[in-house]
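Number of protein chains: 2
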Amino acid sequence: MVRWEADASGRLREAAMQLYVERGFEQTTVAEIAKRAGLTARTFFRYFADKREVLFAGSADLQERLVRALEAAPDSASPMQAVAAALAVGATTLGQHHEHSRLRQSIINANADLQERELIKLASLAAALADGLRRRGVPEPDASLAAETGIVVLRVAFERWVGEPLGADLSQATAAALDRLGVVTSAR
Amino acid sequence: MVRWEADASGRLREAAMQLYVERGFEQTTVAEIAKRAGLTARTFFRYFADKREVLFAGSADLQERLVRALEAAPDSASPMQAVAAALAVGATTLGQHHEHSRLRQSIINANADLQERELIKLASLAAALADGLRRRGVPEPDASLAAETGIVVLRVAFERWVGEPLGADLSQATAAALDRLGVVTSAR
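Sequence order for the protein chains is A and B. So for the first sequence, the numbering used here puts the first residue at 1; every next one is plus one. So for the second sequence, the numbering used here puts the first residue at 189; every next one is plus one.
Extracted from the complex, chain A is given alone in its bound form:
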């Protein structure tokens, strides 16, 4: 019972994903998610602000990991090298559950509200990386350019990866996208 309660958040996430896939995001209510998880709506709201947030529950943790990796980069690292270190950690974190990521992305792609929420989370991630670069002494506009470009790379790699056969490697896709960015931006 204790373990059951302790994993309420995970069960709510799982129930929500199931229902979003079965019925669509719009057609699913918080009451239904809670019921499927064997919990109450009140418990739901203890963990999530609304039914959109269930899909973005990992984003604060992800942001913290990326910023820590950026901070841990050696002093000698260029802004883009520090961002690349953060992206590598992001790819490892996001790349663990291919099928889950696919389902989640298909739910987001089908709903304009969710796409907005995702844009906001990505903008927040980019802003956090730019902050981290400025704390490393990187001046503007370099800090913003490196951070925002890094998030573009991660998003483009992620979108390609969710469309690839199960078992594909997000770290590899991210490294490849970073290489292509170098090629594309050098041909000016």
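For the record, the hints were derived by calculation from the structure and aren't laboratory data. Errors might be hidden in some of the hints.
[As the list claims (entries may be wrong)] A short, non-exhaustive set of chain A residues, derived as facing chain B with CB atoms under 8 Å:
hint, residue
1, E116
2, I120
3, S124
4, P141
5, R160
6, V162
7, G163
8, R180
9, T185
10, S186
11, R188
Please read all numbers here as calculations on a predicted model, not as lab measurements. Quick reminder that beta carbons are idealized off the backbone N, C-alpha and C, glycines included.
Starting from the known structure of chain A, arrange chain B on it as the hints suggest.
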């Protein structure tokens, strides 16, 4: 009277900006905007879906200009050169009214909903440029990387420019940011 009616959209935009600055965006109603412009709320909704859209009235036109500039780039242009041509047109268009842009940006920066709307418009702009690049035969992920990175450059340059003394040149700021992008991404 005809000329009066014909410029209803412009008058509504002007009245909205005044009220957003005087009272704040949240505290302003559509009825008040219409009244200040000497028009009715019904007329307002003939031009704008809601009071947020007044601030983004030029975005469809801007997108069209950027895509046309991208399409007009010579066949020999690299993806990033085609994007740079689009950004140059974007900077010329956006850079015409420094004080107005500043006011508008201060309104947007003070409101989370407006910031979301802006993120959506920028994502739409990037998607349109990526579409344009794919029509030019640019493969993925290069098309998305060049387009999204280009929009990052335009946004970073725009944000710096609105903070600069009146009369500063957005075209110059955009060209400078594009140069810095090249420097930043080459130090990988």
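Status of the hints after comparison with the structure:
Look at A:E116: its Cβ gets to within about 6 Å of chain B, closer than 8 Å, so that hint holds up. Interface hint status for A:I120: upheld, as the beta-carbon distance to the closest one in chain B is roughly 6 Å, under 8 Å. Residue-level restraint check for A:S124 is violated (minimum Cβ-Cβ distance to chain B is 10 Å; threshold 8 Å). A distance limit of 8 Å between C-beta atoms decides the matter here; for A:P141 the minimum to chain B is near 5 Å, and the interface restraint holds.
For A:R160, the interface hint holds, since its Cβ comes within 8 Å of a Cβ in chain B; the closest pair sits about 6 Å apart. Among the interface hints, the one on A:V162 is violated; its C-beta lies about 13 Å from the nearest C-beta in chain B, farther than the 8 Å criterion. Because the beta carbon of A:G163 sits about 10 Å from the nearest beta carbon in chain B, more than 8 Å, this interface hint is broken. Taking 8 Å as the C-beta cut-off, the interface hint given for A:R180 holds, the closest approach to chain B being about 6 Å.
For A:T185, the interface hint holds, since its Cβ comes within 8 Å of a Cβ in chain B; the closest pair sits about 4 Å apart. A cut of 8 Å between beta carbons decides the hint on A:S186: the least distance to chain B is about 6 Å, and the hint holds. Hint status for A:R188 relative to chain B: holds, with the closest Cβ pair at about 5 Å, below 8 Å.
Of the hints listed earlier, those the structure fails to meet are numbers 3, 6, 7, in rising order.
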